[in-house]
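A.B. asks: Residues per chain are reported as follows:
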Amino acid sequence: MKQTQMRWRLPAVCALWQLLMIILFGVFVRYDEEADAHWPQTRVSHNISSDIENDFYFRYPSFQDVHVMIFVGFGFLMTFLRKYGFGSVGFNFLISAFGIQWALLMQGWFHSLDPTDGKIKIGVESLINADFCVASALISFGAVLGKVSPVQLMIMTLFEMTLYAVDEYILLNVLGARDAGGSMVIHVFGAYFGLAVTRVLYRPRLEQSNNTSNYHSDLFAMIGTLFLWMFWPSFNSAISHHGDGQHRGAINTYCALAASVVTSIGLSSLLEKKGKINMVHVQNATLAGGVALGTAAEMMLSTYGALIVGFIASTVSTLGFIFLTPLLERYLKVQDTCGVHNLHGMPGIIGGIVGAITAAAATEEVYSAEGLRASFSNRDRMPSVQGGFQGAALCVSLAIGLVGGTIVGFILKLPLWGDPADENCFDDEVYWEVPEEPEPSHSIIISEVPKNSTINGTQAIEHPPTL
Amino acid sequence: MKQTQMRWRLPAVCALWQLLMIILFGVFVRYDEEADAHWPQTRVSHNISSDIENDFYFRYPSFQDVHVMIFVGFGFLMTFLRKYGFGSVGFNFLISAFGIQWALLMQGWFHSLDPTDGKIKIGVESLINADFCVASALISFGAVLGKVSPVQLMIMTLFEMTLYAVDEYILLNVLGARDAGGSMVIHVFGAYFGLAVTRVLYRPRLEQSNNTSNYHSDLFAMIGTLFLWMFWPSFNSAISHHGDGQHRGAINTYCALAASVVTSIGLSSLLEKKGKINMVHVQNATLAGGVALGTAAEMMLSTYGALIVGFIASTVSTLGFIFLTPLLERYLKVQDTCGVHNLHGMPGIIGGIVGAITAAAATEEVYSAEGLRASFSNRDRMPSVQGGFQGAALCVSLAIGLVGGTIVGFILKLPLWGDPADENCFDDEVYWEVPEEPEPSHSIIISEVPKNSTINGTQAIEHPPTL
Amino acid sequence: MKQTQMRWRLPAVCALWQLLMIILFGVFVRYDEEADAHWPQTRVSHNISSDIENDFYFRYPSFQDVHVMIFVGFGFLMTFLRKYGFGSVGFNFLISAFGIQWALLMQGWFHSLDPTDGKIKIGVESLINADFCVASALISFGAVLGKVSPVQLMIMTLFEMTLYAVDEYILLNVLGARDAGGSMVIHVFGAYFGLAVTRVLYRPRLEQSNNTSNYHSDLFAMIGTLFLWMFWPSFNSAISHHGDGQHRGAINTYCALAASVVTSIGLSSLLEKKGKINMVHVQNATLAGGVALGTAAEMMLSTYGALIVGFIASTVSTLGFIFLTPLLERYLKVQDTCGVHNLHGMPGIIGGIVGAITAAAATEEVYSAEGLRASFSNRDRMPSVQGGFQGAALCVSLAIGLVGGTIVGFILKLPLWGDPADENCFDDEVYWEVPEEPEPSHSIIISEVPKNSTINGTQAIEHPPTL
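Line by line, the protein sequences are chains U, D and C.
Numbering of the first sequence is given in full-length UniProt numbering, commencing with residue 1 and proceeding in unit increments.
Numbering of the second sequence is given in full-length UniProt numbering, commencing with residue 1 and proceeding in unit increments.
Numbering of the third sequence is given in full-length UniProt numbering, commencing with residue 1 and proceeding in unit increments.
With the rest of the complex left out, here is chain U (with noise of 0.2 Å):
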C-alpha cells in the first residue's frame, strides 16, 4: 500500500520554501535602476528623454503574453486527461509559482549580480527569465503527469531550476551561444530532463484506463494549445534585442506556427485510421513551429526560413507521436504522458541545429557590421566560429538534461514522498478533494436484475461517468 497521505508533507515544504524564500529575497533582491524610485534622476543622468524609454514599456506585453503561456497554456495543455483536470492546472500552478521565486534568486546570482552592493536587481526582464525557467520544469512535468505526487514536483522543480541557472550560464555566459527563446535551454534542457525523469520512475504495471480524454477534456486542453500557440511569438522575441530583434523575433515565430498546423492537421489525417484528425496532433504537434525557432527566431532567417522550420518540426513531432512514443515506452520504458520528446525534445533539438546553422550563415552583407556584432553577443568571432559555439551549447544542455534527470530521478524514486500507487496514477482523487457528481440516476441500485446486466449495473458503480 502507498502511503499518500500530503497532511505533513505537503505543507511542510511550502511553508519551509515560502520562509526560506522571504528570509532570501531581503538579504539578495532589491528593484534595478528602472523599476527604482531613483529612475527620475537615473534618467536625467543617462540622457533617456521619456519614461517610456524603460524597459518595461519594451518588454512588459510580451511579458504578460509568456505569463499566460505558463500559467493558462501549459495548465490547461494538460487538462486533456479526463480524470486529472485539478492535477493538470493545479499543480502547475504550484510548481509555477513556487518555482518563480527560486528562478529569480538562481538566475539573479548567475546573471544580475550587482558587484557594486553584492545585490540582484530585478526588473521586468528578469520576470520574464524566471517565467522562462519555470517552462522547463513544466516540461518535464507534462513527461511524469498524474504519475507523482506534489511534494515529488516541487523537489523536481527545485533541482531543475538550479540546474537550469546553471545550464544557462554555461550556454549564454561561457559558451557566448544565443537563445532568446529557449530551443536549448528551455525545451532540449526541460524535456530531456523530464525523460530521464520518468525513465527512472518506470512504472511497468502502470494502469493506463484513465490515461485517456474525453470531448470535454479535449477542448479544455485546446484552451491550452491555443494560448500557447498565439503568444509564441511574444516568447520567441520577450528577451531579444530591442526594436528590430524583437519584431523580427515575433514575424519568423509568426510564420513557423502557421506552417506547423497545417503540417501537423495534414499528416494526423494522413496517418490515423479513416483520415481522421486526432485531438492529440492537433493539440501538440501544432505547436513545434515555436520550439524549433527558440534559438533563430531573431536572426536574419528570412520567413521562408520560418516556414521550413516550422514544417520540418511539425513532420517530425507528429511521426513522434504516432510511431516514436509507443517505442520509446516499449524498449526504451519511457513512459512520456504528454509526449514532450515529440514536442519539446525533437524540436528543440532541431531548434538547436536551426540556430547553429543560422549563426553560422550570417554575413555583415545581412546584419550589417555593427548588426553581426549586436546579434552574437559582441565576441568578434567569425560567424562559422559562432555556429560551431551554438552546436557546442545544444550538446551541453542535452547532457545536463539527460545527467540532471537521471541523478533527480533518483531521488524522486526514494520512498518518503507520497507518490501514487499504479492503479491510481492519472486520477485526481488522490491529492485533490473532487465533488461529487449529484446524480442519483446514475447509480441505481437494483434488486433484481437479470444476470445478464448485471456486470453492467456493477460497473456503473465503479466507474461513475465523468462529466
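Just so you know, not all the hints are guaranteed correct.
In this list, chains with the same sequence are indistinguishable; a pair is considered to hold if it fits within one copy or across any two.
Straight-line alpha carbon distances no greater than 27 Å define the calculated BS3-like cross-link-like pairs of lysine-lysine that follow [said to hold, decoys possible]:
| id | residue 1 | residue 2 |
| --- | --- | --- |
| 1 | Lys121 | Lys413 |
| 2 | Lys121 | Lys2 |
| 3 | Lys2 | Lys273 |
| 4 | Lys2 | Lys274 |
| 5 | Lys333 | Lys119 |
| 6 | Lys273 | Lys333 |
| 7 | Lys274 | Lys413 |
| 8 | Lys119 | Lys2 |
| 9 | Lys333 | Lys413 |
Derived from the structure by calculation, the hints contain no laboratory data.
Computed from a predicted structure; not experimentally measured.
Dock chains D and C against the given chain U, drawing on the hints supplied.
C.D. replies: Coordinates of chains D and C only, in the frame set by chain U:
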C-alpha cells in the same frame, strides 16, 4: 452514400499548399526596414531617437489581441454546438493558419510590394492585416459550420482570401475609403460571401438534431464571445494612425460594445419565452457594436455617437436572430448556422453607413486642418465627397462578397471534396477521432425494480445531471 | 410564490438606462487631448517628441489585461457553481457593461471635469478607472451570487458605482491617500458593501443543494482564477506613475502572488480532510496577495515585503474559507456565496494597513527627494502623516461600504425586483433558457418494461450523451 474519407485529399492539399508557400515566400517575402537587422542604421538615417519608436511597439500589443480574437475568439464562439467542438476549434485553427500565409502574399502583392526590388516587405502591421483577412474567412465559416469538409473549407479560404485582397485594394487604394476595423472589408464581405456559399450548398433535408447546444458547450462558447468582446477595441484600432487615432478607436469601440451588451440582453428578455434570456443573443448580438464601429471607430464619432451605434446595431442583430434567421432559411433557403447575417452582415452594413455619414460630416473645426487630411487618405476631398466614396465602398464590398460567394459555392458543390451526408452534419465523428466516453451506466435497461427505488427515480427526473 | 418573470422589468431597465446614457454622454463626455484629432497640434505645443508618448502606449496593454480580469476573470471565477454558469458569466457581462458607462460619468464628474467647458474628458486611463469601479460591483455580486435577479443586480450596481465615485473622491482627493490598485477603494469597499447587502437579504431557508460545484464547473472556474492571477500585476500598476511606478507595481504584485499560491495550497492540504487540496482555496486564496498589494504595490515595499504580504494575506484568506465563513453564516447570518470576505474583505484590509505602514516608513534616502513627493500626492506631508491619512482612508472606505450596502440591501428587499424563491437559488433555469440535454438514457427507472420501450433503450445506445 457520401465519401467523406479525408486520407488523401486533406494531406495532399496541406502538403502541396505548404510547399508552395515556402517557395513563394522564398521568392517574394522580406522583412521591412523596421524588422531588418539594418534597422539601427535606418534609425539614424531617419532621425528616429529611440528603438521604442519602432512600429513594433505601437502595434504589437494590439496585434496579439487580434490574434487571440482570431484563434480563441472565433474558434470558441463556434463551440456552442454540442457535438462539433473539435470541428469548430480545429478547423478554425487549420484555415486560419493556412489563410494567414496566403494573406501575407496576396496583401503584400497589392499593398506592400517594394517597387525597387519587387519584394513584399512585411512587419507587424502585415501580421495584423493577415489576421484581418482571415477573419473574413472565419465569418464565412460560421455560415457553413458543420456542413462542409475541411477540404471545402481550405478551398473556400483560398478563394476568399484572394478576393479579399482585391476588394481591399479597390476600397482603400482605388476608392480611397477608410475602413480601419473592416466593417466593409471584413464583415460585409465575409458575411455575404458566406451566405452566398451556404445558399448554393442548400440542403433541403438537413438533419438538425445535432444543431443544438448543451450547458457546457454554451459555456465554452462564452470564452469565445468574451475574448472577442474584450479585444474588439484593439481590433478596431490596430492599424489606425499612431497616437490619437489608435487612442480614439479604442475608446469608441469600448463604448459601443458596452451599449450592445445592455441592449441585446434587454431585448432577449423582452422577446423570448417567459422573459428568459437566450444565450444565443448573449454570445452574438453583444458583439454587434464592435462590428458596426469597424469603419468609424477612428473618426471623431464622439462617445455618444458610439453608444448610439452600439444600441442600434445590437437591436438589429437581436431582432435578426429572433425573426429574420427563420425567414431566411424558409424563403431564401439560406441555412446560416451561426447567424453571421445577424452578427456580421447587417451590423457591417450599419458600420459602412455610419462611416460614410461620419466622414461626410467631418469639419476642420473638429479635426483641425491637418487632422482632416491625415484622417481621410490625404486626398484633399470635400468631406461630402469622401462620404460618397465610403458609401460606394460599402456597395462594392457587398457585391464582391455576394458574387464571389456564389461562384465559390458552385465550386464547392462539385462532388470531390468529401462533404458530409445530411444526417452527419454538425457531428465531429465524420472528420475527427472522438474519444469514447467510458460510461457503461448510462444506458441501463432494467426489467424489475423494487418499490423503494422509485423515490430515487423521482429525484432523478427532478434533477437531471448537469453536464 | 415568487414572481420571477423578467419580461417587462429587465428590458425596461436596460432600455431606459441605455437611452439615458446616450443623452448624458452627448451632453458631458468628450475625448481628452491625447485622444482628440487635435493631438498632433497639442503634441507640438506640449513639446512631445513622438506619438509613442501618448498615454495610450503607456497604459493600453495594462488596460486590456484589466479588461480581461473584469469580464473573463470575475465572470469565470464564479462559474464554479454547477448549475449557475450562465448566470455567473452572463450577469457579470451585463452589469459590467452597464456599470462602465455609469462609471465613466460618475468618475468623470468627480475627477476629470474640465473646468473650462464643463465637459468630462476621457482617455485610456478613464477606461481603466471605469473597469476598476465595476470591479467593486463584481465583488459584491460574488456575495449575493445565485440569490438575486438581474434587475436587483443592475440596481445594486447603479447605487454602488455612485457610492464608489464618492468614496474614491474622499480617499484620493480629500484625504490625499494613494490606492493605485484599490485595496481600499475597490476591495474593502466592494466586499463590505456586498456583505451588508447579503446580510439584509438573509434567507433562513436557503436551499443549498445547488450551491455546489462539479468537476467541469471547477475547471471553468480555474480559467477565471488564472486570468485574474496572471494579470493582477497589470491591475495594480495600470494607473501608477509612468516609468518606475508601473514597473515596480508589476514586480511587487508578481512576487506577492507567487507567495500566495504556495501558501494557500500548503494550508489547504494541512487543514482539509485527508490532506487533500480543496479547489475552493486554489481558486480564491491564491489571489489574496494581489488584493493585499493594491495600495502598496507602487511603493518601495521591496520584493521580500511583497512576499511577506502575499504570505500573510493568503494565510488569512485560506483560514477564513475554512473557519470563518461557516461562523459568519451561522452567527451573523451572512450568506457569502463566493467567500468575498475571505478573498477581498480581509486581504483588502491587510492591503490598506500595509499601504499605511509603507507610506509612513518612506524616507528620502529610499525614494529620493523628488520621488517622495511624486509618490505621495505632491502634498509635502511628513511620511508619518501620510501613513495616518492612509489609515483614515481605510476606515472611510469600510464605513461607506457597510452603510451603503445596508441601505441598498433594504432597497433590494422590496418585493418588486423578481428575486428567486429559496428553492430556485443557484439555478440558471429561473432567468435563462437552458438547453435541454438530449439524454433519454439518464433517468430511467422502469419497473416493468414493455416491449415497445426497447426502442428507447436502443436510442440511448445510438445517441450516447455528449458530455
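A.B. asks: Take the hints in turn and mark each one as holding or not.
C.D. replies: Hint check:
no. : hint             : verdict
1   : Lys121 to Lys413 : neither (37 Å within a copy, 55 Å between copies)
2   : Lys121 to Lys2   : neither (45 Å within a copy, 62 Å between copies)
3   : Lys2 to Lys273   : between (39 Å within a copy, 18 Å between copies)
4   : Lys2 to Lys274   : between (42 Å within a copy, 14 Å between copies)
5   : Lys333 to Lys119 : neither (45 Å within a copy, 51 Å between copies)
6   : Lys273 to Lys333 : within (26 Å within a copy, 36 Å between copies)
7   : Lys274 to Lys413 : between (42 Å within a copy, 23 Å between copies)
8   : Lys119 to Lys2   : neither (45 Å within a copy, 65 Å between copies)
9   : Lys333 to Lys413 : within (16 Å within a copy, 50 Å between copies)
Consistency with the previously given hints fails for numbers 1, 2, 5, 8, ordered from lowest to highest.
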